[in-house]
Amino acid sequence: MAETALKKRSPFIEFVSKATSSAGLTIIFTIIIAIVATVVAGPFTLLNAIVTGGMWALLAAGLSLVFGVMNLVNFAHGEFFMIGGLTAYYVFTPISAYLKENPSPFLTALAPFAGIIAATIVGALVGIVLEKLVFYQLRKRTKEQWVMNSFLLTVGISVIIINGVQIIWGTNYKGITSYWDAKPLEVLGVFISVDRIVVFGIAMVTMAIFWYFLQRTTTGRAIRAVSQDETGAQMVGIDLNRIQVLTLALSSALAAMAGASLLFMFPSYPTVGLKPLYIAWYVVILVGLGNVAGALVGGFIVALLQTLTGYFIGVTWDDVIPTAFVMLILLIRPSGLFGSEVKGVHEQ
Amino acid sequence: MTQNSSVKYTYEEQEPIERIKRLAKKFGISPVGLLSLVILLILPFIPPFNQEHLLRWLVGAALIAAQTIAFDFTTGYINVVNFGFAAFLGVGGYTSALLAVNFGISPWIGIFLGVIPSAVLGFLTGILTLRLRGIFAALMSWFVGLALLGLTRNLTELTRGPLGLNAPTFLETASNRPYFYIIVAMMMVTYLTLRWITNAHYGLAFRAIGQNIDAARASGINPTYYRVFNFTLQCAFAGWLGGFYAHYYGILTPALMATSHTVEVLAISYVGGRGSIWGGAFTAFPFVFLIEFLRSNLTELPGLHLILYGLLLILVMIFYPGGVAQVYDTIRDRITNRSPQNQSAAAD
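Residue numbers (the working numbering), protein chains in the order written: chain Y, 1 to 348; chain S, 349 to 696.
Chain S on its own, in the form it takes in the complex (with noise of 0.2 Å):
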């Protein structure tokens, strides 16, 4: 077994490297992806991105970007439209920033405890929308959502209301850098699970699901666990992302809860692709920063930038369903020669 000899090719020699595509492989990491990745790292030390404005446009981003992974897992896989997202973010803030402020917790633990309540509430919907069907769904966590915002715009004494709540940072510093590798480090960690979840059997079961629940109740997939499962999971990556926007912006309004954030991760997701849980973060990057120049540059014109949320969104579900995942993978496909065509005449 000398290096010479590579023309025997065993399988232990091959066995490091399989492994390793193997592993990359469970976990959703490409080639191209891990490139994306390092750009985005060295991003704030690039000229123009590493202004404090163009930082915080980043940070924004990155954010979007790791809920529209979160949003995707349930949407794209058991084709559930969470319409109460952003409740289930608000929860998670809203928790964190209490706990910061009544018991002098920090942050950064506070985070991880934003996390149950909002599991708990998806845990919840999971339940209350598990007879429910597609848009019954939908509208139940929209309800859900509402009913949430209600709440937090009531109990005044506790989140003071529409006043809105400061809650402390995460650090003293001015800077947004620290903050990106933060939140970037939160989105990796969300793509990472909710991949290799979907890339084991639970995605299989999910997609079966998601696209005929009968049929997959038939195969022998129990949907109440894996809708719950799914539910649960997407709630509790939100409650997250939720506190990190709470010990980031340091203030929180019922605002964060409104329908109108969660059509904006929606639409984003949406463009992205759906079921690929990659395509919505590649796309919140220019997406958010295309948004944000808009904002700034046409002040003249408020909203204009929310009326191409909804341009695109109604133009790639009417045109391009598959969204920018679809691009790159026919992209790809082109590249690497492998058309459609060709894989089906392979398989005749």
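The shape of chain Y in the complex, shown without the other chains (with noise of 0.2 Å):
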């Protein structure tokens, strides 16, 4: 006990240095405002944001991520959304018609977990043959300047992916009203969606295995000492490869694992992609390119900031403002509130 005394500090004097940080602040300042918009606006603002939120986590996680290792600004992050879309649409509708003749109750609750599944999968897969096909190409042949390169790699993607997807599949609207038919629960007195609960826990419960994930395992810390130093990792063994094609899969999965869940909101056309890559942009450039585990406060700090912009101002104009709050931020502090450990982000 003795031991661990001289080596902490206070625990008090600890949770002050800590909230008095910038993240701490930002924190305490949201919680704040939060509570200022549940008493003036109602608990609805403060449900919506929460839930939409860890959506937007799970979204801005994966971009961060393939910042912090590879480099890459993807700008083709709200494709692999809508890819996820689309795939949970043409997965789910089939089983949700053969169910409505033969009537399961137990299917019927696990149908939407196969499309977002197979939303996953086919992410992930996307990712690979990207970082093959593409990326690594690149990188084979000059790293000179890679980020404005490779940036420029994923325009032309997101290009190809929304044209593609248009050319196959129509500019359609290609959307699900519910997955699951139940009734709205009753939360704080707001009635809300089983979805929106459920997508939520999905939401969760994946930010907790994948930061398990980069925390713990052999991989995860691999993965981890890329992202802070390259060469260093080359060094001790690690197989750059390797990792990169490993995190542009989680990152695409992990996106296309959004779309999917969010496809009750979110219904699947070409260009559904471009608000969520906004959204995703914010989160990252708000919390600091390359912070993984920030991407959750920052994205409950968007989704609140949008709800709260949709009721007092307009809905129309929630893009505008929080790109105004996004730029200030990058202005005062362009390694984000929570700063980064990602070496390489202020190198060209």
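Read the hints as simulated data drawn from the structure, not as lab findings.
One or more hints might be untrue.
[To be verified] Keeping only pairs whose Cα atoms sit at most 20 Å apart, straight-line, the calculated SDA-like set for lysine to any residue is: (1) K143(Y) with F667(S); (2) K275(Y) with H609(S); (3) K143(Y) with P669(S); (4) K143(Y) with G651(S); (5) K140(Y) with P669(S); (6) K373(S) with Q674(S); (7) K143(Y) with Q559(S); (8) K140(Y) with Y668(S); (9) K183(Y) with T231(Y); (10) K140(Y) with L659(S); (11) K275(Y) with R501(S); (12) K174(Y) with G651(S); (13) K140(Y) with L660(S); (14) K143(Y) with F264(Y); (15) K174(Y) with I95(Y); (16) K275(Y) with F264(Y); (17) K143(Y) with V245(Y); (18) K140(Y) with A603(S); (19) K143(Y) with Y668(S); (20) K275(Y) with L649(S); (21) K132(Y) with L660(S); (22) K183(Y) with K140(Y); (23) K140(Y) with I209(Y); (24) K275(Y) with G164(Y); (25) K143(Y) with R479(S); (26) K275(Y) with S104(Y); (27) K183(Y) with N172(Y); (28) K143(Y) with I50(Y); (29) K275(Y) with A114(Y); (30) K174(Y) with P650(S); (31) K100(Y) with K183(Y); (32) K275(Y) with A603(S).
Need the complex rebuilt from these two chains, each delivered in its own frame; the hints are there to steer you.
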């Protein structure tokens, strides 16, 4: 006991120093705003922000991870989201049509998961293919100005995926009204659909697994090592190529999972990914590029900001206000509110 | 100093032609370039191109060409991708159109007045992105573009939002030929101005900043001044060209300011060759024709032309980063027998 007491400062001082860091202040400030908003606008805003915030966190975590490990600024992240939605739609609708003819309460409850899991797998596959086919090719040839060049590659990929999907599946909206046909639950006097609750649960569980994977497993540690120091990681025998494939696959799988889970809110059509892309970027800039853990908090902050803008100013403005806010953050603290442990962020 | 005494080649005799040569070099005029311009100028009278719909393509191509020149001025030199480029174009266009609609100001004056807000916004964006490096600056300009797009969409009393704003056209005629000459003139003004600047010591400073900002600063270049100058100028030209867009097509919608438009300009400018200024403009003509041809002939496959954009961008980025400009340089060097190896051998 004496040993730990020597090592650690008093818990109170520890708490105060954490709370007054920029990350701590941000969290405290957000909580205050959330409470004020709940009082003024009703608990509906808070619940809405929490439910969507979880999904934004998933999207942003993938984006952040890929930046950390591959120094890749992914413009095509929203397209993974779209592919996820599309896959879930084509897996879930036939199953649910089949279940309408052969009712089975057990399978009906499970069917949505089939869609979401299928979407996650497809997302991962797309990530692997892209890494092998595009990013690896560029990395092999030149590493000069990698950040900018790879960013432009993702721009090209985004255009190709959007229009490819449009040619094959058309521009019409492919969506569902809900995954689970259950009565909305009442939480804090607000009716909230089962879908939203389950989706929030999925997001939280995934984030927890993801966090555990990064912090505790050997592969996760290797991923973090690469994001902190590529050369150093290579020296201790980490296979860079393998880590890079894995990272992109993970990231796109997370995005696809978010797309599939939010299918009832965002019906799949070719350009659906644009908005989630902005949002993921807002989150990532807010908390700092490469900061995966911060993405969770950032997701809630951005979702809260959007809900409040929608409530107080107007739904159409929920792009403009968060944009302005994020620009401000970028100006004041380019490394984000929570800072970033990623090396090479400020190198071009 | 008779004409026969040409053996005694004196400096005075040499001067006029040398002077023209030097002047031409200063503005980036080469014999091949002049020839291309002449061909371009007589093109509207050559049979297949004198039809109105092909003339329309020509005008569109020249407009894109002029945009790629302005775009490359920033991307190819200071190495900052202005991802909100289209928004600055839109600001110029909307200003000019609104002035014409509300105050009856002639489009001929309006397009110059439209430059002012674009330049001011460019100046501010330049200052905003100053502290940020490469990719952050690109993201920042993207956010600025998104914010401007959101504003245009939402300020419906002013811009009529997605309904579109009708702008008076430059001329009463239905023919596209006069417009073609206007836009080619505008393109040439853009080209000559920007080439003149980049061929002066400014170009060197821009490149130095683009390659290594710290080294540039260490050698006495003030990055603040050059970056803001570059950004302001680019946005000013974007605004000017936006004015042409408004008064040629006669209708403005927020879609003009969307990121996809920036991607279009970006793809052509990259395929044309970074840092060449002329490469994008040269590429724009065959490229736009190919794309318009695909668009009008393969109507059952919408978006195929955009896939081509993406694919070409990726292929060029990976396999031939120099683009069309490098192809030209290689051919020219082979013809004049000045291969890079010979040059370096001579230098030794």
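Starting from K140(Y), check that the Cα of A603(S) is at most 20 Å away, please. This hinted pair is violated, its Cα atoms lying about 37 Å apart.
Straight-line Cα separation of K143(Y) and Q559(S) no greater than 20 Å? Holds. K143(Y) to Q559(S) sits at ~14 Å (cutoff 20 Å).
Does K275(Y) pair with F264(Y) here, judged by a C-alpha cut-off of 20 Å? holds (15 Å)
Just to be careful, I want the Cα atoms of K275(Y) and G164(Y) compared with a cutoff of 20 Å; is the pair within it? holds (19 Å)
Can the restraint linking K275(Y) and R501(S) be considered satisfied, given a maximum Cα separation of 20 Å? OK: K275(Y) and R501(S) at ~15 Å, within 20 Å.
Are the Cα positions of K140(Y) and I209(Y) separated by 20 Å at most? violated (32 Å)
Is the Cα-Cα distance between K275(Y) and A603(S) 20 Å or less? holds (15 Å)
Tell me if the straight-line CA distance from K143(Y) to G651(S) falls inside 20 Å. violated (32 Å)
Regarding the pair K140(Y) and L659(S), is the alpha-carbon distance no greater than 20 Å? holds (19 Å)
K143(Y) paired with F264(Y) [C-alpha distance capped at 20 Å]: Cα-Cα ~41 Å, so violated.
Holds or violated: K143(Y) with I50(Y), Cα cutoff 20 Å? Judged against 20 Å, a Cα distance of about 40 Å means the pair is violated.
Starting from K143(Y), check that the Cα of V245(Y) is at most 20 Å away, please. holds (17 Å)
In terms of the numbered hints stated before, the structure departs from hints 4, 9, 14, 18, 20, 22, 23, 25, 26, 27, 28 and 29, listed from lowest to highest.
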